[in-house]
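Sequences listed follow chains A and B, in order.
The first sequence begins at 1 in my numbering and counts up one residue at a time.
The second sequence begins at 332 in my numbering and counts up one residue at a time.
One or more of the hints may lead you astray.
Claimed, not checked - Derived coverage of chain B by chain A (criterion: at least 3 residues anywhere in the stretch with Cβ under 8 Å from a Cβ of chain A; other residues may be distant): (1) 422–429; (2) 498–510.
What the hints assert, rightly or not - To give an idea of the interface, some chain A residues facing chain B are shown, with a C-beta separation under 8 Å as derived from the structure: (3) Ile93; (4) Phe94; (5) Tyr98; (6) Trp144; (7) Thr188; (8) Arg192; (9) Glu196; (10) Gly220; (11) His269.
Claimed, not checked - Taking CB as the label site, the calculated pair distances span: (12) B:Arg600 / A:Glu196: 21 to 31 Å; (13) A:Glu196 / B:Asn500: 33 to 43 Å; (14) B:Arg633 / A:Asp95: 15 to 25 Å; (15) B:Glu576 / A:Glu200: 20 to 30 Å; (16) A:Ile326 / B:Leu579: 55 to 65 Å; (17) A:Lys25 / B:Arg633: 20 to 30 Å; (18) B:Arg600 / A:Lys325: 33 to 43 Å; (19) B:Leu495 / A:Arg112: 23 to 33 Å.
It should be emphasised that the hints constitute simulated quantities derived from the structure, not laboratory data.
None of the values given here were measured: they were computed from a predicted structure.
All C-beta atoms in this analysis are idealised placements derived from N, C-alpha and C, irrespective of residue type, glycine included.
Here is how the chains run, residue by residue.
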Amino acid sequence: MTGYEVPRKFPTTVVGSYPKLEPAKIALKRLRKGEASEEELRPFFEQAIRIAVEDQVKAGVDIISDGEQTREDMVVFFAERVEGYMPGEWVKIFDNVYFRKPIIYSQVKWVRPLTVEDWKTATRFSMGRPVKGILTGPYTMIEWSFDLHYRDRYEAIIALAKEIRKEIEALVNAGAKYIQVDEPALSTRPWREEAEIAGEALKILFKGIEAKKIVHICFGRVEEILPYILDYPVDQFDLEFKNSDFRLLPYLKEYGYDKELGYGVIDVHTTQIETVEEILESIDRLMKLDILPPEKVYIDPDCGLKRLPRDIALAKLKNMVEAAKIARERW
Amino acid sequence: MKVWGMVLGGYPRGRLARYSLRDRERGTIRSSQFSVEMLKTHAEVIGVQKAAGLPVVVDGMIGWHDIFRPFIRNWRNVSVDGLLRYFDNNFFYRIPVFTGEPDIIEPVWPGRVAEFSLLADPARLKIVLPGPVTMALMSKNKAGLSTEELAERIAYLLRREVELTLEYNVYVQIDEPILSMRNAEEHWAGLAVELANNIISGVEDRSIIAVYFDFPSKKILETLLGVRAKYVSLDIVDSPRRAEENALPLDDHVPVVGVVDGRRIHEDRISDTILSIIKKLSGSGDEIVLTTTTWMDLIPFRYALKKTNILGRMVDFIAERLGGEAVKLWR
Chain A
1 MTGYEVPRKF PTTVVGSYPK LEPAKIALKR LRKGEASEEE LRPFFEQAIR IAVEDQVKAG
61 VDIISDGEQT REDMVVFFAE RVEGYMPGEW VKIFDNVYFR KPIIYSQVKW VRPLTVEDWK
121 TATRFSMGRP VKGILTGPYT MIEWSFDLHY RDRYEAIIAL AKEIRKEIEA LVNAGAKYIQ
181 VDEPALSTRP WREEAEIAGE ALKILFKGIE AKKIVHICFG RVEEILPYIL DYPVDQFDLE
241 FKNSDFRLLP YLKEYGYDKE LGYGVIDVHT TQIETVEEIL ESIDRLMKLD ILPPEKVYID
301 PDCGLKRLPR DIALAKLKNM VEAAKIARER W
Chain B
332 MKVWGMVLGG YPRGRLARYS LRDRERGTIR SSQFSVEMLK THAEVIGVQK AAGLPVVVDG
392 MIGWHDIFRP FIRNWRNVSV DGLLRYFDNN FFYRIPVFTG EPDIIEPVWP GRVAEFSLLA
452 DPARLKIVLP GPVTMALMSK NKAGLSTEEL AERIAYLLRR EVELTLEYNV YVQIDEPILS
512 MRNAEEHWAG LAVELANNII SGVEDRSIIA VYFDFPSKKI LETLLGVRAK YVSLDIVDSP
572 RRAEENALPL DDHVPVVGVV DGRRIHEDRI SDTILSIIKK LSGSGDEIVL TTTTWMDLIP
632 FRYALKKTNI LGRMVDFIAE RLGGEAVKLW R
């Protein structure tokens, strides 16, 4: 791996998913139909990861991802590979789009690395750029599954946290320097008791882990849960701002936020491409509040880019990188 | 004590409906064929409710992408924007954007009621309307109106839906889930009550106001009791502890109690806690209606059918436990 120097100020990154590329679409379809095994389809997935990585590199993103090309969905992917889960049936996410909401039917158990091969593949094509290891957190996994076994959310979340911890260890052993745990469900119940459950789980996940520890939360009432999560054992919160019109900003100031911040400046729910000036304005908006130095601000999209067309996603990333470059001069 | 049951709201889509909707989006199905395919699912869900002995049924709202969409599509000066999470679900609705005072191009319910009343007979059909306060607060308001004015205008249009279905003697349900939020403000509840009273004028004895996803605060509930709807529907399973703390006798209203979990797939059971909440809500009343905690559109289709059947059995069970009489369609 060649040494890539991540900029000191306003490094750019992604939250994780990239639009599904054709080889991955074909492979996932064949996998679902049982026409071929994961091993047989691996070349397709590797090709998709390669393209996703090349796009991010082309855009100039500093800390990249594998584009989550092998993941049918952020929950289903893990559920299908952790013992104790069984496949679910189709449940609506929006419009006429569905996911196969998985079912926990017995004790959950990690049996083999789940994401390490994808991380290694991405790293091979990343031109030295660091690749995030990205996992769906236990809180979200349980919230977005049907639980027929534990029937007690706390018990289920803690049990799963202990198993996901093994995946984090596997990623770190493979060389991952950035570990991101996605907990979008946390913003949906912004209450102290919920934050405490998720916090317990994060302690299990991250205790003694030697990597940059990130938790991603998005699309909900994050401002309400913020005071209860600030002492989470993480280095960085990666949060959505753009879609909610930066509603969260004054609360960061109010609560004396001082961790690193993954600052979402790209709306992933619209195909409208943010201009460089618009993104710069977003960065200025944060910096003028004098909450964090630029060294603690990571510029990224609100969330994964999977719902966008590839050309739009790429254009958004390019503008984001361009804006970050200018911001580095400015701040 | 009379005990009867009705499903709260929409059903999920089975394979047939999903594929028909997909084909319509692709333009590969004729309009007449699409209507036939969708009718099959509507007939199935109506049939299942009747088989469960429910005297009031919903048509399932199978084609609705979310509770707001059919109204948005049929109204002037409102369109849809990006996606936003719908309460604490892994489900996203499209944000209505009001750009002027909305007006009806075509009402949503009269055609449906004409179509489905015969199928429902001898059960009575229920129409479900988005609560004007929930809708106004969950929209982007670029109409130059205050939130209150927008909600009032929405209520005016919803009133038209009621007027145009009067001849069918339908039940009318107004959904105000936003009042279950822990940060819900009392004046929202006051406005919801005032507007609901306008919408249901003349049909109070077959009207329901529904609050779900959580149990409302005591103050919100007290305010809610100002509604002239005969029925007040509350979700007591999502957070039984909160329901236990905040429940109070519903005075002159008949409680519609969400006891069958509409968002999870396990077999429902009635605990002593749930039973005591039901008793508390009913006070000295002589009628109780059982329902699903929420719409069932976020669980797989076959589970929704199963839950309908459970609801029917629950009516018998609770009637027996309360020493009352189960009122079933076929008895």
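**Q.** Evaluation of the interface hint that places arginine 192 of chain A against chain B, nearest CB under 8 Å
**A.** Violated, because the Cβ-Cβ distance from arginine 192 of chain A to chain B comes to roughly 11 Å (cut-off 8 Å).
Q) With 8 Å as the cut and Cβ atoms as the points, is glycine 220 of chain A at the interface with chain B? A) 6 Å, holds
Q: Report holds or violated for the interface hint on threonine 188 of chain A, using the least CB-CB distance to chain B and a cut-off of 8 Å.
A: 4 Å, holds
(Q) Just to be sure I understand the hint, the distance between the Cβ atoms of arginine 600 of chain B and lysine 325 of chain A should be within 33 to 43 Å; is that true here? (A) Because 60 Å falls outside the window, the suggested range is violated.
Q) Can we keep the phenylalanine 94 of chain A interface hint, with Cβ of chain B closer than 8 Å? A) Hint holds; phenylalanine 94 of chain A Cβ to chain B Cβ min 4 Å, cut 8 Å.
Q | Outcome, coverage of the segment 498–510 of chain B by chain A - at least 3 residues whose beta-carbon is closer than 8 Å to one in that chain | A | Three-residue rule not met by the segment 498–510 of chain B, so violated; n is 0.
(Q) Looking only at beta-carbon atoms, does the pair arginine 600 of chain B, glutamate 196 of chain A fall within the given range of 21 to 31 Å? (A) Given range 21 to 31 Å: holds, Cβ gap about 28 Å.
**Q.** Proximity test - 8 Å, beta-carbon atoms, the segment 422–429 of chain B to chain A, at least three hits
**A.** holds (count 4)
(Q) Less than 8 Å between beta-carbons is the criterion; does glutamate 196 of chain A satisfy it with respect to chain B? (A) Check failed: Cβ of glutamate 196 of chain A comes no nearer than 15 Å to chain B, outside 8 Å.
Q. Given a hinted range of 15 to 25 Å, is it respected by the beta-carbon distance of arginine 633 of chain B and aspartate 95 of chain A?
A. 22 Å, holds
**Q.** Agreement of hint histidine 269 of chain A with chain B interface, Cβ distance less than 8 Å
**A.** With a closest approach of 4 Å, the histidine 269 of chain A hint holds.
Q) Are tyrosine 98 of chain A and chain B close enough, Cβ to Cβ, to be under 8 Å, as the hint says? A) 7 Å, holds
Comparing the model with each earlier hint shows violations of hints 2, 8, 9, 13, 18 and 19; every other hint is respected.
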